[in-house]
Amino acid sequence: MSEALAAVLLLGGSFFMLVASIGLIRLPDVYCRMHAATKATTFGMGGILLGASLIFQNAAVTTQALLAIFFLFLTAPVAAHLISRAAYKRGPDLCAETTHDEYGKYLEGQKAEEESPERYGDA
Amino acid sequence: MDNTFIIVFFPFATALIIPWFAERFRKNAAWFAMVAPIVSTWALFNLYGEWAAGGRQTFTRAIAWVPAANVEISFMVDGLSLMWGLLVAGMGALIVLYSHWYLHEHEALGRYYGFLIAFMGSMLGVVFSDHLISLFIFWELTSITSFFLIGFWSDRDASNYGATKAILITGSGGLAMLGGFLLLGDVAGEWRLSQLVLMPDIASQISLGVFLLIILGAVTKSAQWPFHIWLPNAMEAPTPISAFLHSATMVKAGIYLLSRFYPILGAHPAWGYVVTGFGMTTMIAGGLLSLRAYDLKAILAYGTISQLGLIVTFLGFGGKGAIIGATLHLYNHAAAKAAMFMTVGIIDHEAGTRDVRLLGNLRKLMPKTHILAVIAALSLIGIPPMGGFITKEMLYEVSLHPGGPGSWSWFWPYITVFAGVFTALYHLRFLSEPYWQAAEGEAPKHPHDPPIGMLAAPAILVLLALAFGLAPGLIENAIVAPAAEATLGGGAQLELHLGLWHGVNAPLMMSIITMALGLALYFGFAHVKTVLDTVARAWGNAPSPNRIYDASISWLRNGTWGILLLIQDGNLRRYMRLMMVLPTAAALYLVWRMDWGANVFPGNFAGASFLLVVIALMITGAAFATALFKRRIAAILALGTMGYGIAGLYLLLKAPDLALTQIMVESASVVLFLLVFYYLPELKPVPSSTAKKIRDWGIAVGLGVCTTLVMAAAMNTHKFRTIADYFMRTSKPVAGFKNVVNAIIVDYRGYDTLGEITVLVIAGIAVYALLRLVGDMKCDH
Amino acid sequence: MLWILAMIIGALVTVASYLIMQRRIIQVVLGMAVLSHAANLMIVASGWVGDGKAPIVPKTGGPLDPFAYVDPLPQAMVLTAIVISLAVTAFLLVLAFFTYKKFGTDDIDEIRRLKG
Amino acid sequence: MIEIAVQISLVMMGASVLLAFIRLIKGPTTSDRVVAADTLATNVLGVIALFAIQTHNKLFIIAVLALAILSFVGTTVYAKFLERGKIIE
Amino acid sequence: MPLATLAFTIATIWIFLHGSATPGHFFVGLVMAFFIIRFLKKSYYQDRTFFRIGSYFRYLRSFTWELLIANVQVLKIVLSPRLSIRPGIIPYKTVCKTPLGVTMLANSITLTPGTLSIDVSDDDETIFVHTLDIDHPDEVAEGIRKGLEEPIVGAVE
Amino acid sequence: MNAIFPLFVVLPLATGTFLFLVRKNRALQESVSMLALLVNLILAGILLSATADGTIFVHRMGLWPFPYAIVLAADRLTATLLCLSSSIVGACAVFAGSYLTDAQRKEAFHPLLHFLLMGMQGCFITSDLFNLFVFFEVMLMATYALLGFYYNLDQLEMAFKYTCMNLIASALFLLGVALLYAQVGTVNMADLAVKIKLLGPTPLIVVTALIFVFVFSVKAAIFPMHLWLPSAHSISPTPISAILAGVLVKVGIYSIIRCATLIFPAAFLILQPGLILLCLLTIAMGALGTLPQTSLKRILAYSTINQLGYIAFGIALLSQAGLAAAVFYIVGHAYLKSAMLLGAGLNQKLTGTVDLEEMGGMMGKAPFASLLMLVGFLSLAGFPPFTGFFAKLFVLQAGFSQGAILATGIALGFGVISLYYNFTTYQRYAWGTGGGEVGAAGAGIYGSVAFLSAFAVIFGLGAYWLFEWAQLVAAQITKPELYISAMRDLG
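Residue numbers (our numbering), protein chains in the order written: chain F, 1080 to 1202; chain U, 841 to 1621; chain Z, 36 to 151; chain P, 4 to 92; chain D, 6 to 162; chain S, 1000 to 1490.
If we strip away everything but chain F, and leave its shape as in the complex, we get (with noise of 0.2 Å):
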């Protein structure tokens, strides 16, 4: 029993990646790409750890299968942000089917407000 959801875990976890990349491939840009890359990469492997854990049958196991998971769900949105965030900032290149872009015009007001030069490159 516990050996068939196992296997069902895993395969539907090792989908939801293929599907994760497959969106990678598909989607327009960075922004929606993301979309499929975090939550379905997360999805799966939380999936594949289910089953790993369910196959181990060991509590140590089972308990880093856990951390693991706790950990990407913590981490893999944190990175999405921090990315996407930062691909806005190096030039904000929406593909075209984009309708609105509140947050353009959220940073050209900050940009107005306070010239402050960016300073980098100096050790």
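In case anyone wonders, no lab produced these hints; they're calculated from the structure.
No farther apart than 25 Å at their CA atoms in a straight line, the calculated lysine to aspartate or glutamate pairs in the DMTMM-like style are these:
#1 D:K98 x F:E1187
#2 U:K867 x U:E1190
#3 F:K1168 x D:D127
#4 U:K1285 x U:E1190
#5 Z:K137 x S:D1153
#6 U:K1160 x U:E1335
#7 U:K1559 x Z:D86
#8 S:K1364 x U:D997
#9 U:K1578 x Z:D100
#10 Z:K137 x U:D1409
#11 U:K867 x U:D1289
#12 D:K98 x D:E144
#13 U:K1285 x U:D1188
#14 D:K102 x D:E130
Given chain F, put chains U, Z, P, D and S in place with the hints provided.
Just chains U, Z, P, D and S, lined up with the frame of chain F:
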């Protein structure tokens, strides 16, 4: 202590301590220096007695130095070496005596006497050496010491130039001679001259190359054309040195070598042509050159060259008469020429110049010196009753019946007469221009006769020359004959009866003709001079030995830079290309030359799985991406990806620990890369031409393909079961590890881990040391 | 498997040697990193004779046949080599960084004070 | 049963690795590459977990944990970079 | 909760799940803990987090549900033959006060259907959300408010 | 004895670490460093005397049987090189004590020096190919750190280039190890020797041998791989360049000897013509390079290449005589060249430069220094009665007696150029009127230079002993079965 060792090594011992004496007693150091030649001479006489008592049998003394490589210092005592020993030691004593007056208080007397005595020791070593290697060793020692003596006034460019020239030419000759010796020793299987002279057929065994190498050593040392060029420049040395090294002894080392090797190589077919050829050319060239010189020492130097040519010609002819003549002339020339040099030294010392155009009427100003000079010169011209007359007669005699190559023997008498005429001419010039005629210019100092002590040495020499002419019986059978016997070898027995008067015969006629022509040319010297000048102008700047030497030296100094830059142009990329292409080329050549049996390469793709293919593609693609991405971040990213891929590959290869380490290391290094570039501002892109790109890719792909093939071939040939089984078996029971890799790391191969950790530590220290410098790094560009 | 391994190694060597011959310091350093990867892979590949289990002895004792496992020795050696190459690469990177800082250029062709 | 499942999932993982890798190479922007790399790293984690199952090796699970952290660090650093990317590239 | 306490908790978890209680492993655990904390520092000010376990679970339940939906949606979008998306970035005014709340909200938003938080305005009031298809922005906002914000507020504020 | 000679690795490691920890306390650091070096030298001497009777000491790591674990071994060659390295490094440390002035740099110097010593001695005593690689890396890492010790422009450039070239060498080394392991499945030198002998010189083995030749050529600066040497030896701080020229290049030579005699004897016979060609090219490159230089140290660096060419030539003859000559040459050249480089440093102290254009008249200004240099130059030029002469003589004798007339003749011919550059360099340095005022130098500097130069004379006049020893060494290493059986018996 054996006499031979005293003779040779006592001077070296003295030379070591002389500088100290010179510090203490300044000028009087000469008297301490004098001890060495006197002791050597005394020992020589003892040795002579010993040898005469032993029935004039050759005997040898040896100390093994490196027996395993059969290097030994060994001395042979026979007529030749004894004669030369006496010549060198006696001359040395006189030179030291003369130097005491010649040198000034303030000069580096320690260095001077030290090297002088050391030179004498090495020269004695040369003439006594039995073993080929020890001969070479002392030979090179004479070169070194002469180098320092020529460069005695080391702040003069001229003496630096002269010293370099001398050491280069004589040293190179020495190297050639060494090669010759080694080959000769290998052919003969015997390294002792005393044994070699007993091998009559050795000359037929050795090749022309070996022969030429040895001859080269001799002719460079004794300044034969075209190697004579170093001798005139060597005249920058203090005059006593010129008298000692460059007229009496060192330049005669070549003569010694020839006469020592006459019994060994004399039978070689090339001997006559080569040696006589050198001698003749030198004789004439030296005579001509000395006519165009104005510096008294230059005149004498070229004269010396010509006289050396004469002696070499004798040796080239070979045969009894020639050898005797050579030996006699050796003595005569040594005495007379040294005396002439000393007189020149006196003139230089008193008048402050050696330029014949500034000197004149010295006959009146310095009569004593004049007399010495005249007698010495006449002796060399060959006027009876000087010794020179005897030797000149013998030369003519020999030239009429040459023992050498007979085919053009009709030619010899004319050549010899010609040479004799020029000898007469330049010696007359040497006498007339400073002593008899009026000066064209004004000498710096007002010349007058020197203190008597300074005249002592030349006087003794001149007396010797005279005595040799008037009473040759004193030395003919005691010294000359044994020397000639030793030179002839083969147990020749000689009984000499030298004399001035042999009745009216062809040689007498020839010398009379010579005298007549000489005088005629002398009185018409103005015309001779114009002819010579026109010839010289016609010669223009055609390549003369000197020009060739200077050109090659300047090329060595300046021209090599370009060649060096072809390889070492400081460009790392070129170095990398060389370091990668040349080995590959070598390997390919090897691969091409050797036959690889069948089925080196496996055909099957066993064990290839989908995942493997994917990971392989990923690694490869990421790698190429690393190379191709324009942006550095992207490149670093690709690098990281490649690392992850490799980790995956390790997983497929069942190496979990490896995969983990790989990923850790990869992430760490990627982070490091990023951190470093966090501090680097934008770099300007550096374009590279397509041709270069193609070339680089070509090289790279070539390397890659080679590696692939070699690896595949190697992986396909597992000839032995690896030693890994042992680890598998013993890991758990003996070492107590479930994970065999860990067992190997910490137990079987602990030193590896030790070293690995050390590398990390050092890297840490190094980076620490580097980071301490960040402060200095600021605002540097 | 064998050929694929060999080809991967070849590809890495190709890329490495291309990068090493480039003009920018960073490219050279990257090339060195790739090269060290290639070298490590060579060692691992040298131990490959066929598929097998990871060299970890099971708890259950008893006689085990060594042929069932892959060769542990190359793995151990590569573990050493990886760490060493990391250290060296790190140092080279820092060195390159300071070289850049001092010379103010990252063009190898311009860093040529030491000719001849 | 498990084995088959693992095999199939390994194949799927392989495919997704490939796709992510294509995106990494194609770009077009560096942000895309970073996203791709992030996904790739997660995929590798998945592969490792699957291997853990295949070779009953618990070691790998810890690896997953550690690597999750590391890849996160990497991503963060990249993000930091992209922030000031206007200057660096 | 205080940083050190947290670190030690994590370290103990680490030991527990490692199965071997040696000082070395404990140390490793500490190191990892400090890593994690370094990167999630923002959200550790207060020590109220252990209370209201119930509301935590409520949040967890709804979050999991949302996550499932999200993935299904992604599945639909990605695997549908023709992409039918109209992405865009909309501002979302949050009522969360504490940074922890805001962060949790942002992260949850990222993991839930069709939304991806890009940035938080400096005054921690507006979260800029990238949405996969916005026919009605307010609907999206409504979904977020219902599905996530309320449980979070219940849990941590 | 078997138990203590691993100390050659452990002692420097411990010392180095300790020295880095106490780097703030300069006095303690220096005294401890000197003490450790002295102990090291004494140990080396003991080992030398113990190996004299031909015993080969074998230390098995953790007492594992023979071919499996790492084995350390010391035969005569090893002992000789250990004495060499410890004495030269000691002299250089003494020199550095009064030469290095910059406090900030000094504190890292002594630790790194000991790590360098550890690397070199490890290379000498290990009998495991991969372990050799590891110790190579230790050594190289230390040199990477030490070479560019002041990190001015030149040193940075030089260190970068040096590091890159050696990294390529390391990669090649690993390739070689991989090829060998794939073919014969072992890494212990003796075991390799046995199995390769069984395998015979197959093409692949020959290619592997070639790869190893090139790998070690990088350290030994044989022709295509010598490119790093001139800058590294002339730009790096003087004590380091002395160690580099004295010992480090000898590590490469040592490894080549081991390959030629122990691991691939058969393959090397096939490679011999190529090797001899490489040696002649090396001699030519070195001789050519000295000519246009004006920096004393750079001239010495190129002459090192030249001399290494002769050493390698002796090895490439692959005969006992040639090897004996090579060993003699190694020892003689090590002391001589480090003495001369330290002498160059001495002159830098005195005149503040190593540029010959700015020197001159040293014979009058600094008689003792110029005397030391004179000894060096004469010995380099191959004049009796110094070591240089005998070294060259033995190599030439071996070559001629082996019938390699042409090659040996060429090697002899380049003696003319070495004659030229040595004497002109000495002239520009000691004679003439150039140069400025002359400062003073510490006793440590003079002492170390004199100590090292003394060997040029000692091994010249006492060439007998050294050559006897060299022949013993050659006799031992030309019989690999001795080495192998020494390990077998313990295994």
